[in-house]
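*Asks:* If you want the building blocks of each chain, they are given just below.
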Amino acid sequence: MQSPIVSFPHMGESWIIMKAFFETLGLKVLVPPYNNEKTMKEGVINSPECVCIPYKITLGSMIEALKMGANCLFMIGGQRTGLCRLPQYVVNQEKTLREMGFEFEIYKVGDPLMIQRLLTKDLKELSGNPKDYYKKLIKALRIVWIKTELVDLTNQLSRFYRVYETNKGKTNKVREEMLKMVDDSKEIKELKKARKTIDESFKDIDIDKKREVVRILIGGEFYSVLDSFINCDIERRLAELNVLVENPTSFSYLIKAKMGLGIRKKLVRLGLKYVPVTSGGEDLPTIGRIEYFRKKGIDGYIILFPMGCLPETAIIPILDHLGKKFDLPIIHFSIDENLSETYLQTRLEAFINTIKRRKWKKNII
Amino acid sequence: MRIGLPKILLQYYKYGILCETFLKELKIDYIYSDCTNKKIVEDSLKVAQDEICIPVKLIYGHSLNLKGKCDKILVSRMISLKPNTITCPRLRILPELVSIQTEMEVLKLNINIQKYPLFFSFFTFGLKLRKNPISVVLAYYKAFKKYNKEIQELKEKRERFLKEEKIKIALIGHSYLIYDKFISLDILGRLKDVNVFVSEMADEVKELPATYWSEERELLNAAYYFIDKVDGILLLTSFLCGTGSLINEFIFSRAKECKVPIMQLIVDENTTETMVDTRIQAFLNMIWRKKICRVQ
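Top line first, the protein sequences correspond to chains A and B.
Be aware that the first sequence starts at 1, since it is given in my numbering, and climbs by one per residue.
Be aware that the second sequence starts at 366, since it is given in my numbering, and climbs by one per residue.
If you are wondering where the hints come from, they were derived from the structure by calculation, not from laboratory data.
Computed from a predicted model, the values in this text were never measured in an experiment.
Treat each hint with caution, since some may be false.
[Claimed, not checked] Mimicking DSS-like on lysine-lysine, the simulated pairs with C-alpha atoms at most 25 Å apart in a straight line are: (1) B:Lys404 x B:Lys392; (2) A:Lys325 x B:Lys480; (3) B:Lys411 x B:Lys432; (4) A:Lys180 x A:Lys203; (5) A:Lys325 x B:Lys432; (6) B:Lys447 x B:Lys507; (7) A:Lys296 x A:Lys361; (8) B:Lys437 x A:Lys273; (9) A:Lys95 x B:Lys533; (10) B:Lys656 x B:Lys594; (11) B:Lys493 x A:Lys273; (12) B:Lys621 x A:Lys95; (13) A:Lys95 x B:Lys514; (14) A:Lys258 x B:Lys480; (15) B:Lys473 x A:Lys108; (16) B:Lys621 x B:Lys571; (17) B:Lys411 x A:Lys324; (18) B:Lys432 x A:Lys324; (19) A:Lys136 x A:Lys203; (20) A:Lys266 x A:Lys256; (21) B:Lys514 x A:Lys273; (22) A:Lys170 x A:Lys209; (23) B:Lys520 x A:Lys265; (24) B:Lys403 x B:Lys546; (25) A:Lys19 x A:Lys108; (26) A:Lys273 x B:Lys473; (27) B:Lys655 x B:Lys533; (28) B:Lys520 x B:Lys571.
[As the list claims (entries may be wrong)] If you want the ones that stay clear, here's a sample from chain B, every Cβ over 12 Å from chain A, calculated: (29) Asp415; (30) Glu565; (31) Arg654.
Using N, Cα and C, we set each Cβ at its ideal position, and we do this for glycine too.
Start from the sequences and build out the full structure, keeping to the hints where you can.
*Replies:* Rendered as structure tokens:
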């Protein structure tokens, strides 16, 4: 086999983390262009009709990577059991890609056993059996964890500064710079310095603390929450409407959830009050979020999910019921390839205006 | 106490006889909802969430149809119907959804063959109804015998059908779509002149693509079993069927390999009779012509 060129589909800023992992192991990495109209088109043409948008866009991303010359793909899924459609994705995608005539190898990242085999066998062979493989692996895993935290920190800070900044657009510039800096730094020492730089450069932004803001919680299926292309950059749009976004979903949230740690466990327990069994995906955390964040003073809740998503569409009646019970305005957006920006903008503006009016009314009384 | 049984989904079209005989043997009064009609569809569209398939939507209509006629309704929670598989996520939380949307008392029947056998779910269900354990066991035994007999009859029918020299078609689709005369627009009636094989008639096939959904595995199994025995395959799916959208791809490519004609019919609440009529007629004519050409 010719020398391996590793690639993977996009999900938000996850490419920074994945790229760092493979590069530290000494592999050649090819990052496909970030999700765009072309990716979407490529994916939609080659996938079944009623399948959800993450399938289409990851397929499109993989096709672009293969066309650019990659020959090793990494994709989530493939285990024997699952709940929603996610583990079935990779089986179908592999079949489609082979039928299109590409030659490649695909590595499935599923249950812990598969991950173990991947780390101890497959990646070792791919990187050419170096003697200090395990030393490199530990370093790579450390870098992955630090970079995950840094990316999450950048997103977290930019959420706050975007709302309060005095000259609009400054935060977005700083965020881009910081993400680039995280991507460029390759040693652990550099990354430790990067944390300070991120803190300092965000503090340099001028803010107006007196601005009145509305606090909104975002939840739902994680791909549509994390990927700024398919949700039309909803966080930026909300910030322009003076909304402080609360969004617990992040990359470290997902990694911690895989290990059974973190906030997701609490949210699941709260969700189990209303639904006795999980139906997969992020359904229980989506329900649990209402009760958890209600105490922290949330004015509204936006739920994002791909059109036809099995678990999220099933729980909508329960969410509406809880919204009425706790007096919390809830809006849901189903995302597919035909979601237009104007449609999203109008509905968001209307939703935020109603919330502002509600607040104003309450203050008068 | 009177129990209402909605005529919808797997609890009627797969385990209907089992439930009915079980309740009859325990001497519990029960009542069925009406067959699906226009009023039920309209009622359920008002209540149901969007973006789910039509059979799941209809459970609200059927439950509302029973309101006032009974004390409690039976809604089953299907978690797994075969070892090592699970059902579609939408079927897992139906009892909660029905009780929230229709404000009726719901009796739950949990079926989870992955963890415990079918007998256990009916046994606990019988005890919940405050019946004598021995009579519950006897009732289940009789009900199961009747249920098995029906499956046996279907297999005998298959052998008879295979011998006859008629056009043979495999109708692959969920049982709750095929047998519901309103949603499928009486597809079995329209295929009266040909021999139709449904998925329950198939035996086990060993080599199947990887799936983990119980219903879908049955459909794939049926498609792979009948593919070299029939003249054509008719796929019946509901619009926005989540699991079907991925699994049907395998059936399509398999049919392409074996050069068997295949047609997919997608149904929802807006499907008209003319559309189904023309498509089925065209499909049958094509198969018929192919057969004549081969003879000549």
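*Asks:* Can the restraint linking Lys273 of chain A and Lys473 of chain B be considered satisfied, given a maximum Cα separation of 25 Å?
*Replies:* holds (17 Å)
*Asks:* Tell me if the straight-line CA distance from Lys621 of chain B to Lys95 of chain A falls inside 25 Å.
*Replies:* holds (14 Å)
*Asks:* When you look at the beta carbon of Asp415 of chain B, is every beta carbon of chain A farther off than 12 Å?
*Replies:* violated (8 Å)
*Asks:* Given the hinted pair Lys411 of chain B and Lys324 of chain A, is their alpha-carbon gap at most 25 Å?
*Replies:* holds (18 Å)
*Asks:* Hey, Lys136 of chain A versus Lys203 of chain A, does the alpha-carbon distance stay inside 25 Å?
*Replies:* violated (35 Å)
*Asks:* Check the hint pairing Lys493 of chain B with Lys273 of chain A against an upper bound of 25 Å on the C-alpha distance.
*Replies:* holds (22 Å)
*Asks:* Decide if the proposed pair is consistent with the structure: Lys258 of chain A and Lys480 of chain B, CA atoms, cutoff 25 Å inclusive.
*Replies:* Holds, at roughly 23 Å.
*Asks:* Measure nothing beyond the straight line between the CA atoms of Lys325 of chain A and Lys432 of chain B; if it is 25 Å or shorter, mark the hint as holding.
*Replies:* Cα-Cα ~24 Å, so holds.
*Asks:* With the threshold set at 25 Å, check whether the alpha-carbon distance from Lys19 of chain A to Lys108 of chain A stays at or below it.
*Replies:* At roughly 17 Å apart (the allowed maximum being 25 Å), Lys108 of chain A and Lys19 of chain A satisfy the hint.
*Asks:* What's the verdict on Lys520 of chain B and Lys265 of chain A, does the C-alpha distance respect the 25 Å limit or exceed it?
*Replies:* It is violated: about 48 Å lies between the C-alpha atoms, which goes past 25 Å.
*Asks:* Starting from Lys95 of chain A, check that the Cα of Lys533 of chain B is at most 25 Å away, please.
*Replies:* It is violated: about 30 Å lies between the C-alpha atoms, which goes past 25 Å.
*Asks:* Below or equal to 25 Å on CA atoms is what counts here, so check Lys621 of chain B against Lys571 of chain B.
*Replies:* Holds. Lys621 of chain B to Lys571 of chain B sits at ~20 Å (cutoff 25 Å).
Checked against the numbered hints above, the structure violates hints 1, 2, 9, 13, 15, 19, 21, 23 and 29; every other hint is satisfied.
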